[in-house]
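Novice: Listed below, chain by chain, are the residues.
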Amino acid sequence: MIVYILCFILFIVGLYGVVTKRNLIKIIIGLAIMEYSVNLFLILIGYVNNGTAPILPVPDALKNKPFVDPLPQAMILTAIVIGLATTALLLSIAIRLYRKYGTFDIRKINSLKG
Amino acid sequence: MNSLIPLFVIVPLGSAFLMAILGRFIKGFGKFLTSFGLLFLTGLSLYFIFNSQGTLVYKVGGFEASAGIPVAIYMVIDGLSKLLLLIIALIGFLSAFYSISYTKQYTAERKFYILFCLMIAGMNGIVISGDIFNMYVFLEIAAIASYALVAFGVEKEQLEASFKYQVLGGVASLLILMSIGFIYWQTGTLNIADISTQLPTSGAFIKFVSILFIVGFGLKAAIFPFHSWLPDAHSSAPSPISAMLSGVLIKAIGIYVIFRLFFNMFPISYEIAMTITILGTLSMLIGVLLAIGQWDVKRLLAYHSISQMGYVILGVGIGMVVLSKGGDKTIAAFSILGGLYHLINHSAFKALLFLNAGAVEYRTGTRNLKRLGGISQKMPVTSATSFGAAMAISGIPPFNGFFSKLIIIIAAVQAKFYLLAFFAVFVSIVTLASFLKVQKYTFSGKLKPAWEKIKEVPFSMAFSMIILAGLCLVLSLLVIPGIRDIVLKPAVDVLLNTIQYTTTVLGK
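Residue numbers (our numbering), protein chains in the order written: chain A, 1382 to 1495; chain B, 20 to 527.
Hints are supplied without guarantee of correctness; some may be wrong.
Result set (DSBU-like, lysine-lysine): computed pairs, CA atoms no more than 35 Å apart in a straight line [to be verified]:
1. B:Lys456 to A:Lys1489
2. A:Lys1407 to B:Lys130
3. B:Lys389 to A:Lys1489
4. B:Lys348 to A:Lys1489
5. B:Lys226 to B:Lys389
FYI, nobody ran anything at the bench for these hints, they're computed from the structure. Just so it is clear, the structure is predicted and the values come from calculations on it, not from any experiment.
Given these sequences and hints, build the entire structure.
Specialist: Put into structure tokens, the structure is as follows:
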């Protein structure tokens, strides 16, 4: 149970970063932390205590032993790739923003209002 | 016919791939392929609407269910999906055709069309996916393509809008992924039909996950109070993309998924139904009140998107409340019909309004209402189509918006939600006021000297606008019972008979 609570705390840390930080790069780091916590959460769902790898056909040494759920792991691989794409796009936009405004401070990037 | 279903994803995805490789060598390849592919998809979705009955299921890889547990990735087409697929393909085609002239001002035209096709592929994927995790993957494809398209102009405003959109969209995606994790934890499956048989019928878990989903998809659909990114993103994007974002994207990746999950996956509960209805009413009111003070045309239109989406949610939400209380099914059906009808209508007239705003900006270079004036003499086609769209969105007969709003209001009165019916009428009047303002400041009055030399937009832009203006009139015909039964009734039935989706998809 304690792992789930720690995982949730990690999510809150990321959300805190996104909500309160003024620096574009720190906001992106906050999003990345949130993403890691969600990935960790999905991995924890599939985890089984003392579980082995899910291999078919089952080798003799692993017979009658519990195995971890492989589906969340496959999901996480997809989610990590998607996360990579979003982070890369966010960083490239942040670089372009820096060139236009000369700052990473979100309070000074405010041409849209109303 | 079932084997044709994957074409909805393959065609746009394949065209994006071909454009990335061949577009470098063949001039104009992207423009041609995007328009042609989307025209093909329009025809295919019309074929599905008129020639197929009930629910069609395609299992990717051909894996059959083993011991009653679905193994493969399911692609499902039913009445509701067909409707959304038609809207995506048709509005997509008209926006792509419009872009042929519009994108001449950009240097990287090829990349524009690649991202456009990826966005279409993502939206089609969400609509036909019968699997909650694949829905997330396609949602991210559509969302990432739209982030890049919003920033396509790489000016100050576009970049800032895209950054805001990405941060809020990223948080929404993570909330959705987390709730998918919770669902998997509870049920051990990802197939929507299978999940609905495994979920407990009530309890704290269902409420918690429902709220997570509403926040996640509410952020994507820009429902109040999650709407703050929409006016920036939709007004900064290139105009054909604004038309796609407002006309299709918020429906396909936000509203559609909310309806699908809360009608067909979760057991219907009164609290959640009321939450959705109240959020819809609030976005309807707040959107229009924020819109009326705007002087930037596209920003004003973007706020109206929030407000009009409120109508759709209100219509379907009232139906959901009636269903959850076990009330009269005909009232629920009527109300849901109004909501879905307004969804179709909104995609036609809001796409047209954004294309009009784009046409005005293309010739004059400004979106500020105070600087425009009297250009109807110089741009008669734009002016006439814009007038039609403005009348449609404000609910003036015989345009389509009138009939769908009327159905929603009658349904609200029948269901004894008198206050909501009053709000719907009130918002319609304020909408009319704000569009009279747009018409007055943009098109009528004396021609300002700065705009003496402008002329009408090129053929491809005018063509798309005329077709959409025609649609605004033709869609009124959907109230006639014979046509309504073919197009709208299957979609209403999907939402009304909540259990039927599960039984037909699982084949039990």
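Novice: Against this structure, judge whether each hint is valid.
Specialist: These are the hints, each one checked on the structure:
1. B:Lys456 to A:Lys1489: holds, 32 Å
2. A:Lys1407 to B:Lys130: At roughly 29 Å apart (the allowed maximum being 35 Å), Lys130 of chain B and Lys1407 of chain A satisfy the hint.
3. B:Lys389 to A:Lys1489: holds, 27 Å
4. B:Lys348 to A:Lys1489: violated, 54 Å
5. B:Lys226 to B:Lys389: violated, 48 Å
Checked against the numbered hints above, the structure breaks hints 4, 5 and satisfies the rest.
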